[in-house]
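Participant: Same order as they appear, the protein sequences are chains H and R. Each residue of the first sequence is one higher than the last, beginning at 1 in the numbering used here. Each residue of the second sequence is one higher than the last, beginning at 166 in the numbering used here.
No lab work stands behind these hints: they were computed from the structure. Model, not experiment: these values are computed from the prediction. Check before you lean on any hint, since a few could be wrong.
[As the list claims (entries may be wrong)] Straight-line alpha carbon distances no greater than 30 angstroms define the calculated DSS-like cross-link-like pairs of lysine-lysine that follow:
#1 H:Lys144 with H:Lys112
#2 H:Lys38 with R:Lys190
#3 R:Lys198 with H:Lys144
#4 R:Lys198 with R:Lys173
#5 H:Lys38 with H:Lys144
#6 R:Lys190 with H:Lys144
#7 H:Lys112 with H:Lys14
#8 H:Lys114 with H:Lys14
#9 H:Lys14 with H:Lys38
#10 H:Lys38 with R:Lys198
#11 H:Lys144 with H:Lys14
#12 R:Lys221 with R:Lys198
#13 H:Lys17 with R:Lys198
#14 R:Lys221 with R:Lys173
#15 H:Lys112 with H:Lys17
#16 H:Lys17 with H:Lys114
#17 R:Lys190 with R:Lys221
#18 R:Lys173 with H:Lys38
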Amino acid sequence: MSALSASNSYLTCKLNKELFAIPVEQVIDIIEVSVITKIPQTPIFIRGVTNLRGNILPVIETRTKFTMESIEDTIDTCIVVLSVIVENDEIQVGIVVDQVLEVANIEPTQIKPKPNIGRKYSNDYIIGIAQIADEFILVLDVNKVFSNDEIINMAELSSEELIAF
Amino acid sequence: MIRFQQTKVGILIDYIIGEHQAVVKSLGTLFRKVQSISGATILGDGEIALILDVNKIITEYATLTNLKQEVFL
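Sequences and hints are given; from them, build the entire structure.
Facilitator: If you want it as structure tokens, here you go:
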């Protein structure tokens with residue numbers, strides 16, 4: 001846990017009423033949802049690619065990835081641009097969140113181990129849970145969530161899917 | 166749109182928007198296994214256009230449907 005955040009600052013954002021925290025060191029930018037180009041032969045949790053200052057940014061549909069019901073974008077919906085490590089390469093990915101709240105200070109001691117029940121987010125994705133005031137904040141391990149083999153191998157598709165394309 | 170691969174192959178599309186001189190950009194690590202797209206380019210209005218790897222699409226389709234290369238000859 002200590003290696004993950006030198007400072008204790010986390011960007012908090014909301015997804016489906018639940019609060020998530022992302023270490024600020026990994027947040028590069030927060031942008032509005034603009035035109036997103038879908039890419040064929042990619043899993044449903046990839047919304048597509050968008051233009052981030054002349055670079056191509058993959059955008060992940062976080063709700064789908066976390067098996068949450070998908071909703072229409074609202075005025076608060078935005079893309080958090082993250083820096084993640086994929087196979088020793090540092091790349092940028094954007095994740096769609098319902099709302100970005102604030103940068104919060106969370107002391108390591110406030111982060112409690114993740115529970116073993118309720119595997120909605122496939123426990124690996126969460127470092128722990130912080131309780132601040134009355135609210136629980138799920139602290140994400142973005143390297144695990146958004147750079148696991150699932151995405152890398154996503155284009156290994158069955159022949160039916162290729163024909164469908 | 167007609168594309169050449171020893172013989173002529175037709176590709177059905179919805180409509181043609183135009184012709185562009187494009188700077189090809191890679192889609193990056195995450196999408197490197199997406200076979201049918203060879204890259205992307207950023208258009209004047211900031212939108213991204215994907216570049217189809219037409220040769221690969223035809224070859225893949227031929228392999229999948231067990232069409233032998235001879236069919237194309």
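Participant: Are Lys17 of chain H and Lys114 of chain H close enough, with their CA atoms no more than 30 angstroms apart?
Facilitator: holds (19 angstroms)
Participant: Against the 30 angstroms threshold, does the CA-CA distance of Lys38 of chain H and Lys190 of chain R hold or violate the hint?
Facilitator: Within the cut-off at roughly 16 angstroms; holds.
Participant: Holds or violated: Lys221 of chain R with Lys198 of chain R, Cα cutoff 30 angstroms?
Facilitator: Given that 30 angstroms is the threshold and the Cα spacing comes to 12 angstroms, the pair holds.
Participant: Would you mind confirming whether the straight-line C-alpha gap from Lys144 of chain H to Lys14 of chain H stays at or under 30 angstroms?
Facilitator: holds (19 angstroms)
Participant: Mind checking the alpha carbons of Lys38 of chain H and Lys144 of chain H for me, to see if they're no more than 30 angstroms apart?
Facilitator: Within the cut-off at roughly 23 angstroms; holds.
Participant: Could you grab the alpha-carbon distance between Lys114 of chain H and Lys14 of chain H and see if it respects the 30 angstroms cut-off?
Facilitator: Satisfied, since the Cα-Cα distance of roughly 18 angstroms is no more than 30 angstroms.
Participant: Can you confirm whether the C-alpha distance between Lys198 of chain R and Lys173 of chain R stays at or below 30 angstroms?
Facilitator: Holds, because 27 angstroms separates the two Cα atoms, which is no more than 30 angstroms.
Participant: Sort out whether Lys112 of chain H lies within 30 angstroms of Lys144 of chain H, counting only the CA atoms.
Facilitator: With a Cα-Cα distance of about 19 angstroms, the restraint between Lys144 of chain H and Lys112 of chain H holds, given a limit of 30 angstroms.
Participant: Take a quick look at whether Lys198 of chain R and Lys144 of chain H sit within 30 angstroms of each other, Cα to Cα.
Facilitator: holds (20 angstroms)
Participant: With a cut-off of 30 angstroms on the C-alpha distance, tell me whether Lys14 of chain H and Lys38 of chain H pass.
Facilitator: holds (24 angstroms)
Participant: Taken at face value, is the distance from the CA of Lys38 of chain H to the CA of Lys173 of chain R at most 30 angstroms?
Facilitator: holds (28 angstroms)
Participant: Can you confirm whether the C-alpha distance between Lys190 of chain R and Lys221 of chain R stays at or below 30 angstroms?
Facilitator: Roughly 18 angstroms between the alpha carbons, so the hint for Lys190 of chain R and Lys221 of chain R holds.
Violated hint for the displayed structure: number 13, the only one.
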